[in-house]
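Asks: Each chain, written out:
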Amino acid sequence: QSALTQPASVSGSPGQSITISCTGTNSDIGVYNYVSWYQQHPGKAPKLMIYNFINRPSGVSNRFSGSKSGNTASLIISGLQAEDEADYYCNSYTSRIWMFGGGTKLTVL
Amino acid sequence: QLQLQESGSGLVKPSQTLSLTCAVSGGSISSGDYSWNWIRQPPGKGLEWIGYIYHSGSTYYNPSLKSRVTMSVDRSKNQFSLKLTSVTAADTAVYYCARFLLGGEYAFDIWGQGTTVSVSS
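In order, the protein sequences belong to chains A and B. Just so you know, we're using the numbering used here here: the first sequence kicks off at 88 and counts up by one. Just so you know, we're using the numbering used here here: the second sequence kicks off at 1099 and counts up by one.
To be clear, the hints were calculated from the coordinates, so they are not data collected in a lab. One thing to keep in mind: the hints can contain errors.
[Stated by the list, open to error] Derived contacts from chain A toward chain B, CB cut-off under 7 Å, selection only:
{"hint": "1", "residue": "Gly99"}
{"hint": "2", "residue": "Gly117"}
{"hint": "3", "residue": "Tyr121"}
{"hint": "4", "residue": "Ala132"}
{"hint": "5", "residue": "Tyr138"}
{"hint": "6", "residue": "Phe151"}
{"hint": "7", "residue": "Phe187"}
{"hint": "8", "residue": "Leu193"}
{"hint": "9", "residue": "Val195"}
A quick note: this is a predicted structure, and the numbers were derived from the prediction, not measured. In this text, a Cβ means the ideal position worked out from N, Cα and C, and glycines have one as well.
Using the sequences and the accompanying hints, generate a full structural model.
Replies: Rendered as C-alpha cells:
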C-alpha cells in the first residue's frame, strides 16, 4: 500500500490563507472520490472537516474548503485564526483499506 | 447525538493480547448505514486505520495487522470490540473507535475520545 504524502508543517499569519496538500497515486486519490480531511488538536480526537474532497459537514466553518487535481487533494483554510493551529490529516480509500497521510502541523504565527 | 466511548486494558505486557471495547450511545449500532472502525495513533505519530466491522459481524482488517486482529460486535450491548494479539512496544498508541459513513459521504464522522494503551513489562 502506498502512502499519502503531506508536508510536515505549514504556517501562516492570522487572516491569511494556507493550503495543505495530500499527494497520492492513481490507485487512490486519482481514482476514488473518497478523500476526507481531519483536524486534531493536541490531546484530542480527530474531527472531520471535509469529505469527498470538497464537502463540509454541518457545523464546520466555511473557511475550510477542499479541492482535487489529478492525484493530489488539497485543504484550503482561509482567514486563518489562532484556533486553526492543529495537526491535519488526509485520508483516502485504496484497495479496500483506508489510508491516512502522515499529517501536517499548522502553525498560526 | 451519537457518542462513542473506548474502554479496556491500559497496560499490556509484551506478547499478550490487547482488548478494547467501544460503547455506542445515543444511537444504534445495528444501522446498515455505517461501519464501525478502530484507528490508532502511536505517540507523536500519525493515524493508522486498523479495520472495520459491520453490525452483521462482517469485518475487514488492514493487511499490515490482519494476522493479529480480531473485531467483534455485540448488538445487544450496542458495542464493538478489538483484540490485538502478540503485542510489542510498537503497539503502544492511543486507540480510537470511529463511525464511518457509508451512504455516499465516506468519512469517519464520529470519534471516541481515545484510550491510551501502553505495552510494557
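Asks: Please go over all the hints and tell whether each is borne out by the structure.
Replies: Here's how the hints hold up against the structure:
Because the smallest distance between the Cβ of A:Gly99 and any Cβ of chain B comes to about 22 Å, over 7 Å, the interface hint for this residue is violated. At its closest, the beta carbon of A:Gly117 sits 16 Å from a beta carbon of chain B; the interface hint therefore is violated under the 7 Å criterion. For A:Tyr121, the interface hint holds, since its Cβ comes within 7 Å of a Cβ in chain B; the closest pair sits about 4 Å apart. Restraint check, A:Ala132 versus chain B: the minimum CB separation of about 4 Å is within 7 Å; hint holds.
The restraint placing A:Tyr138 at the interface with chain B holds, with a minimum CB-CB distance near 4 Å, inside the 7 Å limit. With 7 Å as the threshold, the beta carbon of A:Phe151 stays out of range of chain B, its nearest partner Cβ sitting at about 14 Å, so the hint is violated. Residue-level restraint check for A:Phe187 holds (minimum Cβ-Cβ distance to chain B is 4 Å; threshold 7 Å). For A:Leu193, the suggested interface contact is broken, since its CB lies about 15 Å from the closest CB of chain B, more than 7 Å.
With a least beta-carbon distance of about 21 Å to chain B, the hint placing A:Val195 at the interface is violated under the 7 Å criterion.
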